[in-house]
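Q: Go ahead and model the full structure; you've got the sequences and the hints to work with.
One line per chain: the protein sequences are D and G, in this order.
So that you can map any letter, position 176 of the first sequence is 176 in the numbering used here, and since no number is skipped, the others follow by simple counting.
So that you can map any letter, position 26 of the second sequence is 1026 in the numbering used here, and since no number is skipped, the others follow by simple counting.
Certain hints may be false.
Below are the PhoX-like pairs computed for lysine-lysine, each with C-alpha atoms no more than 20 Å apart in a straight line [as the list claims (entries may be wrong)]:
#1 D:Lys80 <-> G:Lys1073
#2 G:Lys1118 <-> D:Lys114
#3 G:Lys1119 <-> G:Lys1171
#4 D:Lys100 <-> G:Lys1118
#5 D:Lys135 <-> G:Lys1171
#6 D:Lys80 <-> G:Lys1080
#7 G:Lys1118 <-> D:Lys101
#8 G:Lys1118 <-> D:Lys113
Ranges between beta-carbon positions, derived for each pair [claimed, not checked]:
#9 G:Gly1026 <-> D:Glu147: 31 to 37 Å
#10 G:Glu1186 <-> D:Asp37: 42 to 48 Å
#11 G:Pro1128 <-> D:Asn170: 45 to 51 Å
#12 G:Gln1038 <-> D:Asp37: 54 to 60 Å
To spell it out: a stretch of chain G is covered by chain D in this simulated footprint if at least three of its residues, at any positions, have a beta carbon under 8 Å from a beta carbon of chain D; those stretches are [said to hold, decoys possible]:
#13 1011–1017
#14 1040–1051
#15 1068–1082
#16 1176–1184
Hints listed in this document are in silico derivations from the structure and should not be mistaken for laboratory results.
The C-beta atom is built at its ideal place from N, Cα and C for all residues, glycine as well.
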Amino acid sequence: MPDYKLTYFNGKGTAELVRLVFAAGGIVYEDVRLQQDQWPELKPKTPMGQVPILEVEGTMLCQSNSIARYVAKLAGLAGKTPLDQARVDMIMDGMEDLGKKGHGVYWEKDEEKKAEKKKDYEETFLPQFYTCMNKLVGDSGHFVGNELTLADITFFNMTTLVGNYMKLPNVDEFSGLKKVMDHVTSNPGIAKWLKERPETPF
Amino acid sequence: MPSYKLYYFHGRGRAEPARLMLAAAGLPYEDIRLEYEQWPEYKPKMPMGQAPVLEVDGTMICQSVAIARFVAKESGRAGKTNIEQAWADMMADGFVDMLNKMADYVWYEEDEARKAEKKKTFFDTTLPEFLGYFEKLLVANNGGGGFFVGDGLTHAEAFFLCLSDDIIAEKPNVLSPYPKLAALVERIKTYPGIKEWLAKRPQTPF
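A: Structure below.
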């Protein structure tokens, strides 16, 4: 029985970052995918009524980014010094902002407002964001230090997920970000996971 | 000792958790409060064009939670083991989720009717649900008479104090159904360093 049990729905969503970090670290874990009818019974047992949760060391962790950071530490992917770790964390949080904003557009109920928000997101926000993030990539082609970290993985994951329903800028036009993406997709553990992971609606 | 410069505006807002952890640590820092007219000059210098930013010997860290966690680590107040750190992080994330929901109707909703509706949903439904979780999680740590994580204050407490300040301002008895959380607020307010900061910090609208 692996020491780590991740529970989420049958999709990428907010659990996929954790799965990618497990993959990059070559850490074996149980990847539990709930059916919708199993959720009501589990919900009250979770720390904050949400998934993903990670069962580890006799306890239950929640909050996807906190779980991802915990696993990244196990895998040596969280940043080497406190300052590096803070830089990793800030990139993660920045990507979270991008995802939340995209989510806000996706879930806008007013059709006219949605079209307006989508246009602004795709034509103004994303290009500015990519330009800003590109400046934060080091000469190594990583956001922090000379090796893969959670920051690189988060950029890959969040842009890939948002790219499912928004038009992303062309990463080939951002040399730093292109290097980050290449580093992530060529990581052996991640490459294997990307080939093997289930096809899911979200 | 590193030099710390914290850039934000004239308010508690997203910078206050970091200020609380700096106070708890007794770390001196430059508490830079920018006027809005100064912002266009500073914005391009910030990593993501936003504040707060913490400058540590010239390295800039943005994103309020990343900053607070870093400052917490500087004085060993971010959790002592991997699992404690994850617990502190998850509690802070829970509080930030609530703070973000408030920010959504306070700052980002312009329609007055929608604003009132969101606020009502927050106070009637969302917040009670999560305060219930938070109380239970506090109790799970040795009965809830101490702190959220282990046996000491962490950045979880800093975010919780900021949340409780905001919700209590709106609804003074909001924590009465949650006695352990209410008692913890008082423990945070009297924590060495934080107590002094609370007495001297500028009084600001946000």
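Q: Does each hint fit the structure? Answer for all of them.
A: Going down the list of hints, with the structure as the test:
1. Proposed proximity of Lys80 (chain D) and Lys1073 (chain G) is supported: the alpha carbons are some 13 Å apart, at most 20 Å.
2. For the proposed pair Lys1118 (chain G) and Lys114 (chain D), the alpha carbon gap of about 19 Å is at most 20 Å, so the pair holds.
3. Between Lys1119 (chain G) and Lys1171 (chain G) the alpha-carbon distance is near 12 Å, which keeps this suggested pair within the 20 Å criterion.
4. At roughly 18 Å between alpha-carbon atoms, Lys100 (chain D) and Lys1118 (chain G) fall within 20 Å of each other, so this suggested pair holds.
5. This hinted pair does not check out: Lys135 (chain D) and Lys1171 (chain G) have alpha carbons roughly 44 Å apart, beyond 20 Å.
6. Simply put, Lys80 (chain D) and Lys1080 (chain G) have alpha-carbon atoms about 17 Å apart, close enough for the 20 Å limit, and the pair holds.
7. For the given pair, Lys1118 (chain G) sits about 18 Å from Lys101 (chain D) by alpha-carbon distance, which is consistent with the 20 Å threshold.
8. For the suggested pair Lys1118 (chain G) and Lys113 (chain D), the alpha carbons sit about 18 Å apart, so the restraint of at most 20 Å is met.
9. Judged by the Cβ atoms, the range 31 to 37 Å given for Gly1026 (chain G) and Glu147 (chain D) holds: they are separated by roughly 34 Å.
10. As the Cβ distance of Glu1186 (chain G) to Asp37 (chain D) is approximately 43 Å, the hint placing it in 42 to 48 Å holds.
11. At roughly 46 Å, the beta carbons of Pro1128 (chain G) and Asn170 (chain D) sit within the given window of 45 to 51 Å.
12. For Gln1038 (chain G) paired with Asp37 (chain D), a C-beta distance near 55 Å keeps the hint of 54 to 60 Å intact.
13. With 0 residues having a Cβ less than 8 Å from any Cβ of chain D, the segment 1011–1017 of chain G misses the three-residue criterion, and the hint is violated.
14. Taking a C-beta to C-beta cut-off of 8 Å, the segment 1040–1051 of chain G contributes 3 residues in contact with chain D, enough for the three needed, and the coverage statement holds.
15. For the segment 1068–1082 of chain G, the stated coverage by chain D holds: 5 residues have a C-beta nearer than 8 Å to a C-beta of that chain, and at least 3 were required.
16. With a cut-off of 8 Å between beta carbons, the segment 1176–1184 of chain G has 0 residues touching chain D; three or more are needed, and the interface restraint is violated.
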